[in-house]
Amino acid sequence: MTGLAPNEKKPLLQVNNLKQHFPIKGGIFGRTVNHVKAVDDISFTIFEGETLSIVGESGCGKSTTGRAILRLDEPTSGSVLFEGKDLLAMSKSQMRDMRKDLQVIFQDPFASLNPRQSVSQILGEALAIQNVIPANKRRERIIELLSYVGLRPDQIDRFPHEFSGGQRQRIGIARALAMQPKLIICDEAVSALDVSIQAQVLNLLKSLQRQFKLTYLFISHDLGVVRHISDRVMVMYLGKVVEIADKKSLFDSPKHPYTQALLSAIPVPDVTKKQERIILRGDVPSPINPPTGCRFHTRCPYAVERCKTEVPGLTSLHSTHQVACHLVEQ
Amino acid sequence: MFVYMIRRLLQMIPVLLGVILVVFLIMQMVPGDPAVLLAGEGASAETIANIRTQLGLDQPVMVQYFHYVTDVFTGDLGTSLRSNLPVFDEIMARLPATIELAIASIFVTIVLGMIAGIISATKQYSAADITIMIVALLGVSLPSFWLGLSLIYYFSVKLHLLPVAGWGTWKHVILPAITLGAGGAAIVARMTRSSMLDVVRQDYIRTAKAKGLRETVIVYKHALKNALIPIITVVGLQFGYLLGGTVLVESVYAINGLGRLIVDAIRMRDLPVVQGGVLIASIIFVFVNLLVDVLYRYFNKRIDLN
Amino acid sequence: MPGQQEKILDVRNLQTHFFTDDGVSKAVDGVDFSLNKGETLGLVGESGCGKSITSLSILRLIASPPGKIVGGEILFKGQDLLKRSEPEMRAIRGNEISMIFQEPMTSLNPVYTVGEQIAEVLRLHQNMGRKEAWDKAVEMLGLVGIPSPEKRATQEPHELSGGMRQRVMIAMALACRPEILIADEPTTALDVTIQAQILELMKKLQVELGMSIIMITHDLGVVAETCDRVAVMYAGKVVEYTTAKNLFENPRHPYTIGLMNSLPRLDEDVEELQAIKGNVPSPFNMPVGCRFAPRCPHATPLCETRLPELLEQADGSQVRCWMYTPEWDGQTKMATETGV
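Protein chains in written order, with our numbering: chain L, 1 to 330; chain W, 1 to 306; chain G, 1 to 340.
For reference, chain L alone in the conformation it holds in the complex (with noise of 0.2 Å):
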């Protein structure tokens, strides 16, 4: 943390009103029939230098909001401002000159690395798009890169499958920060590592963000990451998000009825600490069509008539911490 006032602080990234719905098709005609509610409207912020963490469970729709900031799909409406030109604006051809500035690093590094090229071509191919070091400069370059992310220059001449899955994910990292981005999407970057690995990819990216001044948008659904790595936290349940505010508050004081239940479902690495769960009935229901009203009404241990017919809002309790939850208003 910088010690800023949040409202002190420079937005790089403004999403507005997203929604991605995707369309079920469906009946004789194969007409659209429904849709699909990944994402539902949701607005939030990130600020230059600083990691905001998206949690929440399968379908809550996180990673689809990562997506379509890149508009890897793109999104059904809404805008997103990056540096305060509107990414869902442009054209395709513009979007690709904004992509050196908005790298992505994703869960699985050997689906994301090409089996048939080296490190030097997967990252001499990121240096030619970008454009900026000449040809005769570039394997300097990528030894440079490759010693910011703790491998070997010797390394250089390898292929994918001749790394472990750390190393991988290491190759994945340098791949991104050869176009000197400013923020870096990781989608779930370290959930498929172990522990003793994921500890030393965290630790990487954290010094990273320090060297770099780097901005990261981290999407996980592991709340002990997320607590390591983030400066906010946004938390996410059915394509909206339910409650978002700085670590501190979160972990230490989380207000709406899900993250509590989240954050107690979780088995604390320690006999001593018993702590009360509060265990959560039923799964998580459909997108497609999900509750009316507060989307989490149908599981949540305090709703009221009111949760089953309006949609909270998100309400600041302070400049740092906002929650949609009609329980907390009150």
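Bear in mind the hints are in silico, worked out from the structure with no lab data behind them. Heads up, a few of these hints could be off.
What the hints assert, rightly or not - Pairwise CB distance ranges (calculated):
1) W:SER194 <-> L:ALA135: 38 to 48 Å
2) G:GLY129 <-> W:THR233: 33 to 43 Å
3) W:PHE66 <-> L:ILE129: 56 to 66 Å
4) G:GLN274 <-> L:ALA135: 35 to 45 Å
5) G:PRO147 <-> L:GLY26: 25 to 35 Å
Unchecked claim - When the alpha-carbon atoms are kept at most 27 Å apart in a straight line, the in silico DSSO-like pairs for lysine-lysine are as follows:
6) L:LYS273 <-> G:LYS245
7) G:LYS136 <-> W:LYS225
8) G:LYS68 <-> W:LYS123
9) W:LYS221 <-> G:LYS131
10) G:LYS277 <-> L:LYS213
All of these numbers come straight from a predicted model, not from anything done at the bench. Ideal placement from N, C-alpha and C gives every residue a C-beta, glycine not left out.
Please arrange chains W and G on chain L, whose structure you already have, making use of the hints.
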């Protein structure tokens, strides 16, 4: 599932119209004037013109097509130039033999192919597996007329076990069905093997083992039903080749089926019969495809989800 | 070890190797542990440590070739499972020892209803008729907390959520009231709120049915939550074997300590995680000495040349590390002298 069937049946209407159009256009493109052919050599221009009016050949192509479609839907496929009998009746007289042959062959394809494939998959890399795969490779490569003649030579001429040619009793069916089904059986065997090998690696097979089930129950109950999906697709495709193959096999074994009818009609330039025969064969193929899709859907219910 | 209880399973020096074109992979290389009646034993470690292979070896479900149990004993109620015939093993699987797996999405057969799949195991082991087995299957679905079990029994797996499918797996595994349930990462593929439901259910059923559980997991949180005793595995060997209480209060093996320090915690903030350096060794080419030595912050020449034994400590814990042996004193000196 019901909605899906209705949708597929509706989708068949344009497909059938397309089939009729293609058959119609082929006949338009065949060199020679049917009226001249019908009238015979040395006929007067007046006779030819008369015939042309009778057959409606003097009308625009679009009108002819419209008439042809309405005729087809009322079961009128024209009259054979050779026998003067309605083409529809000629075809119906020949169709049963061909359908019998096709069903027997597809039976050979499925049963022989799947049994060989399952043995191969469950005993991977064993001598049985290697033998089956070599035979299957030969089965794919051998031309059916060669296989047909060889079978006749050994089983009929040398061993006197089965009739040389003709149609009528179950004994007549065996050799043609094997000849026609062998190629498909080889392909099905290879597909069954690879599909089974894929399925036995799945997590639910491990679950079945952990339940304490015997190997045979695991293979035939838990694995086979899941392995069927790609096999059905291959069998469906084989049916197309099989219809084409009947032409050859019916000739080799002198069976009076649809295939031979068409071949003879081509030789005699009996165009209405060729047209009708091709049309009926195409319609059968379209319906078999539909059946395959429905079966595919039935065995792969997970598709319904999306 | 608190050994007064009745031992139901005793695994001694288990060795499961894989013979591949690339060489012999010693995935499980001399593993010892025992399971007491009614308790939950955790097998903990990261991917490739051999914990899943160990559990599959107990039921002899290792695909052979390339896998083979090359040595050891697995004593179930005093009798060695490795000496049983295949039909005898089949009578034990799913009946006396059951297993559930990590992937509930793929562990159920997609083409049969869940009711049929549960009834199948009852008809096989309990000689039940079609009707009786079906009714019992529905009863089991109710027992694992599936609402409207009569209806659910007629559904196929794709109609159920991940959490529901894992409940079905549990119903199937427990249908014959086994004495041991082996749970291989049963909640890893599930969301945390669903994980909490499943762990709660397993604890409840363990008490009701009086069974013993082997819980295979990489998640130390799950261990703290569910296990009485724990065996920590690394590179095919048990490195620490103790009670859950001892493990968390007084972890001894440098690998165990490293694991705990690598874990980002929900209940405390640290600026930097203390990661374990390096990677796990290749199972084709294990270090000659202690297998953790190449990554260990305390490693000495002794560690690199000789494999330590799993030795009992004063409080009953067992640790495989030279640091807890008399040989260590001389070593540290030598290490400093040689500048390691």
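Results of checking the hints against the structure:
no.	hint	in the structure
1	W:SER194 <-> L:ALA135: 38 to 48 Å	45 Å, holds
2	G:GLY129 <-> W:THR233: 33 to 43 Å	38 Å, holds
3	W:PHE66 <-> L:ILE129: 56 to 66 Å	58 Å, holds
4	G:GLN274 <-> L:ALA135: 35 to 45 Å	41 Å, holds
5	G:PRO147 <-> L:GLY26: 25 to 35 Å	27 Å, holds
6	L:LYS273 <-> G:LYS245	11 Å, holds
7	G:LYS136 <-> W:LYS225	25 Å, holds
8	G:LYS68 <-> W:LYS123	18 Å, holds
9	W:LYS221 <-> G:LYS131	20 Å, holds
10	G:LYS277 <-> L:LYS213	26 Å, holds
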